[in-house]
Structures are given as C-alpha cells and as structure tokens.
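Visitor: What follows is each chain in one-letter form.
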Amino acid sequence: MAIERKKIEIPEGVKVKVSVGEEKEYPFDISPMYEGERIRKGDMFVEFGGPSQPGFELVIALPKDQVEDMKVTLIGSDLDEMQEGQAYPYAMIYYVAGDMVETDLEPVIERRNHDFQNYIEGYMHLNQRYDIWIRIGKGAVKKGLKSLIQIAKATMMLYKNELPFIEKIEAVYITDKNLVEKLLNEIAMPIYEERDKRVEMLSDEDVEEFYSCTLCQSFAPTNVCIVSPDRPSLCGAITWFDGRAAARVDPEGPNRAVPKGECIDPIGGEYTGVNEFAKEESGGEYERVKLHSFFEYPHTSCGCFEVIGFYMPEVDGIGWVHRGYAEPAPNGLTFSTMAGQTGGGKQVVGFLGVGIAYFRSKKFIQADGGWYRTVWMPKELKKRIEKYIPEDVRDKIATEEDVKTLDELKEFLKRVNHPVVTGVIRPVDGKKITEGWKEEVVKEVVEEAPPAPAEAAPAPAQPQPMPMIPMMPMQMPQLQLLQIPQIQLPSAPAAGIKLIIKDAKIIIDKVVVRKEEKKGGK
Amino acid sequence: MIVAVTGKGGTGKTIIAALLTHFISQKTNSILAVDADPDSNLPDALGVTKLIRKTLGDIRELFQVSRDEMGTMNKEQWLEGKIYSEVICECDNYDLLVMGRPEGEGCYCYANSILRGVLRKLMRHYDYIIIDCEAGLEHFSRKTIEKADYTIVVTDMSKKGLSTAKRIKELSGELNLNFKDIFLIGNKVTNKEAETLIRRFAEENKFKLLDVLPYDENIAELDLRGEPVIKLPESSEYYKKVKNIAEKLMELQVKVM
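So the protein sequences, as listed, match chains B and G. Counting from 1, position 128 in the first sequence corresponds to residue 128 in our numbering; the numbering is continuous, with no gaps. Counting from 1, position 127 in the second sequence corresponds to residue 127 in our numbering; the numbering is continuous, with no gaps.
Next up, chain B with everything else stripped away, as it sits in the complex (with noise of 0.2 Å):
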C-alpha cells in the first residue's frame, strides 16, 4: 500500500555533476542567528521556486546500504551557469539512513530542512514541500559561494550534527526544469498525500506521548489543554504534530510532552499520564480527565474554544454550536451564554468546548455514543464537518433549519428516529448507552399520529426495556441547568391541564405557568 522509497532515476542526457565527502571550509558563516534573515530582490543573486518556479524538498528513508554517506548530485546548471536575477526551478532530495531511522520520521526530518538552510549566511529559505522559495543573496557570491554543492554539503553536515540518529545522508539537487517537475508530480506529490492520509489513521493509541498546550493560561488559569492524535486543542489551532514540533523546539515551552501512562478507560480516554499532568498544571482542581467523553470528567474547557457541547435532557441528546452562530440553540441559550458559564478552565460537566477539528475525530465523544449521540448543529457548522458524520445519521441532525426550539427538535428527532429516541448504542463497543425515551407527556401522544413506519433501526430490535428503573444518563443530579426551557403547555381549550410524567426526575427552580395567548394550534 505504502509508495516504495527508491532512489530516484536520472535520465540520459542531463547534465549531471557528483561530490563525495565533506567540505573542509565553506565560503559563508552557518549560525542559526541567520534565521529569518530577509535577501530583498534588489540584493538577490537568483531564486528557486517560488510563484514562478516549481520547487520541492523531499526526504526519503532507505536502507543504510542504499544510501552513499555525503554524496550530492546535482542534475543541471549551477549557479555560476545561472543569470543575475532569474529564476530557477530547484528540488532537493535527500536520501536518509540509519538504524532510528524509518518512514514515520521523514517529515519530521523534512521539515528541518527550512531550518538549517537559514543557518546559511546569504541564504533565504521560505515554505515547505512543494511550495518552497529560495533567494540567494548577491553578498554570498561575493563571499565565494560558487555552487549549490556547497549548500547541499552544510545542510547535510547540520543534518548529521543536529540529528545524530541519521547515520548516512545523501543530496539529489535538481535545477532541470523537465526533471523537477516529473519528480513534483510522479513522486513526491503522492509522498506528501499518503502523509497526511497516515495522519488522519493515527490514534492515541499508536503514540507514547500526547502534548499540553497551556498558552491560554493566563486567560484560564487552571486549563489544561490535552493534545493528541484523536484530540486537537480546543481553539482548533493545534495538532498533536504541531504540540511534538513545539515541544522538541522548546521542551519547556506552552507544548509540553505528556507522557500517556496506563490507559485505565480506553473507551472514555482516560490515561494516568494525563490525571498527573491534570492534576499538576491545575493546582490540583481537577484530578481526571477523560478525553473522549462528554459526561464523565470531561476535559476543561478554556475559553478559546470553537464550539461548545450542551446537553439536552428532554431529548438525551447533545447539540454543538460554534462561535459564529449567534442565535440561540435549540435550549434557548446563544453560544456566548454556555460559553460564559463554561470557560475559564473548568470541568463542568453537561457542556464541552472542542475544537472544530475534533469533529473529524474517530473517538469524538466515543464514550457517550459520539455522533450517534449528537442531535442539533447550525447548519453551516454541519455543513463545514458533513462529510465526517457517519451516513446513517447524517440526516438525523436537526439544524436550525429543521428546528428552533426543542418541542421542534423532539417532533424532528421522532420522526427521523433518531438513536436517542430508541436509545444510543455506541459504536465503539456496541454497548446500549441511553435507553431512549421514556413514557411520553400525553400531550404527545395526543398530537403525534403512531409513529412513522419504523425505518430498520440500527440496533437489533429489542423490545423496549421494562420503564421501571430510571435510566438517567450518568451524573445527571450533577448537571446544572442554567435555565429551565420554558414548558409549553398546550394551550389547552378549556381550564384543565393533564400532566402526567413517570419515570422522571426533574430539578425546577421556579416553574411560571401562564396562559399563553391563543394561536392556531390544534
């Protein structure tokens, strides 16, 4: 399945030059006081890449007696056949090895290579893979750079330094036009997209380490951001990759590494690692996190976050609303509101900030029925994440379009049945989460014709389980309602109202029962 590393071919009849060995002196200072150095057009020798040119870097893992220790090759003009302020096409390829040295590490190997280039004194290296833009400076030809040989060689020595792990390397330099771009296409384009494609399969359970984020801290004292594979920062920024890259820069930094520990719930994402990091980073205000759960110690919640989670117990269901929806929620409260009472660092369970990435996730809210569990979106946050909620529940997602209030969501979520009518059963284990609605309010039963005809539910069919034991989902006494939905009490024709609720535990504040002015209704 995974594309073959080989070295590359080079065709007959390009111009192709070969060094072995290191360089005893280069003609240009290597010093990361380099980085970020800025070559203007008006001071530039030539370019590579860039808008005009293609361009690419690529770094390829093979075995050790593949690769030729400090060879370069390069396969076209050099810089004293190129023209003052033109542009060039340019790939740099590099053949790595090493016993440490695997697949997996080839970006993380690539992407040093920005860095180190800017090392170079009158070198000026911009972007990554294939969108790569490099200046060399006037200044530097002066100094005596005569050939992009010498680049290769400081590159790979920083390489070697740098990354003791890489025990052989080896640089293809290209500036063939034909040849660059053959490769862009044939080889290292497919590289790039079986990368990403390998990031979205990784999972929490494939790395030893996840990262923290605590750069929000000074907003959210006791947050704790817990990055990983499976769950991205909340403010949607950063990745697991991102939190690795950070924390090998700056091992103290806002990215920390967290080592996992022993996985006590698999399912809910609980590790012991991350109650100790938790534990720590928070002043002790909070001793477990769960990362894929919703209900039970959930993670905190900052203030950044994208989207916040509520909990609707007349449905047992849980809707999402991101920050750009203004309008109120199905439960009557806007974003800003559950927003409000949720962030600053706190656990509080019955609403969740994540980031919009995380709905990408394969573990999203796993522990309580993930999608399956989920009822109401806004439509353009529904849209933006469609193409990650399973197919058998797409539809079944009210959207505001669908429904305003939660009467509306209830009729919605009946008649597309819904998992949370019948009960949740969550795909992870296929255990039966939520046992579905209970006896309905009459005026229900007064109102809705017998349900549609049954569409094959995804469960096997179990006759409704006896209502005699209260199924309420977990830590529900816990959950703090800010506001009771207004009941609406069917504005009954004459003085008598009909109330019957079994099964229910309910905790009102204040209950307001008016007559409600007269409309249409039935």
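Keep in mind the hints are simulated off the structure, nothing from the lab. A couple of the hints might just be wrong.
[Stated by the list, open to error] As a list, the in silico PhoX-like pairs of lysine-lysine whose alpha-carbon atoms are at most 25 Å apart:
hint : chain 1 : residue 1 : chain 2 : residue 2
1    : B       : Lys41     : G       : Lys54
2    : B       : Lys17     : B       : Lys143
3    : G       : Lys121    : B       : Lys138
4    : B       : Lys41     : G       : Lys121
5    : G       : Lys206    : G       : Lys180
6    : B       : Lys143    : G       : Lys27
7    : G       : Lys27     : G       : Lys255
8    : B       : Lys41     : G       : Lys50
9    : G       : Lys241    : G       : Lys166
10   : G       : Lys27     : B       : Lys138
[Said to hold, decoys possible] From the structure, some residues in chain G lie toward chain B, with a derived Cβ separation under 8 Å:
hint : residue
11   : Arg67
12   : Glu80
13   : Glu105
14   : Arg124
Remember, it's a predicted structure, so these values are computed and weren't measured experimentally. The C-beta atom is built at its ideal place from N, Cα and C for all residues, glycine as well.
Let chain B serve as the given structure and place chain G on it in line with the hints.
Guide: Quick look at chain G alone, frame taken from chain B:
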C-alpha cells in the same frame, strides 16, 4: 535600532514616521517600516499604497480558517512564508509591513504566539525599524512586537496631545517596555508661547525633546492632493528639521554599534 513613533491621533506622527523612513533609507536599505496603527496610513504617507498586497491581519485570518487543512505541514513555516512573500512589501529602499486589522472572534493565542516568533526573527536583521504606533501601544502590550529601543512621542500644541504624551510614558512604564530613551517632538507649533510650554512639559515629565517643528502648509497641501508627504520640498524648514532628527537617530545607532 527599533524606534516606535507614537502620539495622539492627528498630531502628525505618521508624517514623521514616513519622513524618518525616507531619510534613513537613503543611507541604508536595512530598514523596515511598520504600520501598527489601524487608524492611520503610513503607506499613503510614503506613497506606496499600491504596492501593499496583504496585511499581517489578513494572513492571520487566513491562517485561522485554513489551519484545519494543513495536515502535517508546519504552521510556523506556513505563516512565515506568507509574511515574507505576501505581507512584507519591498519598496525601493526599504521594506514595509502593515499590521492591519485587529483580531476577530475566536482564539488567537496560537496564531499570535507563532507571529511573535516570526517577527522576532525577522526584526533582528534590520539595522533600523520605524514603527508607526497608536497611542495605546497595543502591539507592545500584546507582545506581537516585543520591544523597541526608543520611542518618539509626537505632540501638537493641544492639551490633549500633551496629556496623551504623558499617558504613553506612564503606559510604557506599566508595560515594562524599558525604552532606552523616550523622546518628544513638538509638532505643528505656530507660536513661541506654545514652544515654551512644550519645552517646559518635556522637562517636567523627563522627556528628551528632539525638536519643535513648525506648521508647514506644504504638508496640508500634499495631503489635500493625495500626494505622499515625502514629496515635501527639500528647502522647507520642516524637511530639514526632520532630516536632522533622522541623522541624530543614526548617530545613536552608530554609538550602539
């Protein structure tokens, strides 16, 4: 040398920042002008508005909406690449960076933390950086720009101009900006009395007074015609005086080096 030029809106700080950029860039190309005041327009004053493609704010917004699609790409390199290729504007003798619009909704902690790093690396390579900065010193308080060596506070004859100058000085203390010096320029001063007042103000509040500049009709005229202030006639007193200030700054730089 990083110099922040600030002061109450309308005191003429953008004009002074533009002229300083103009004069220094005649001596060296290692100069970056930064427009850090959303209410003014340094590129206009320099006559290079047409060259501006994107602001730092534009790129930050683009980052916020594209970041989910970046896979294993390095976000810092992405932002740096955009800034270097699309935000920094290469003018004939200097580079120009427009900070642009303030943040929108949502969390910018991460974007700003990367930006800070990119700007820090970028800025250390210029001999001179001239920042046109609003009186609230917002980019300093948010640390998008980490530090300046000197600040020049521009005031006109108005009481408000002076009280803003005073507040900037207090603010820079509160923010621990540790300027090596805080300078004052009196601008658009039309009479001796006002000049005396400004001189006394500088002394009392421990500003180093760089100069007191006259009101120059040419500037208003250029402005009216939509022409850049750097077209000010070389013979004018205003032109000569600001050139003199630029030379003073360059002498300071030489001393440091």
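Visitor: Need the list of violated hint numbers for this structure, in ascending order.
Guide: Nothing - there is no hint that the structure violates, so all of them hold.
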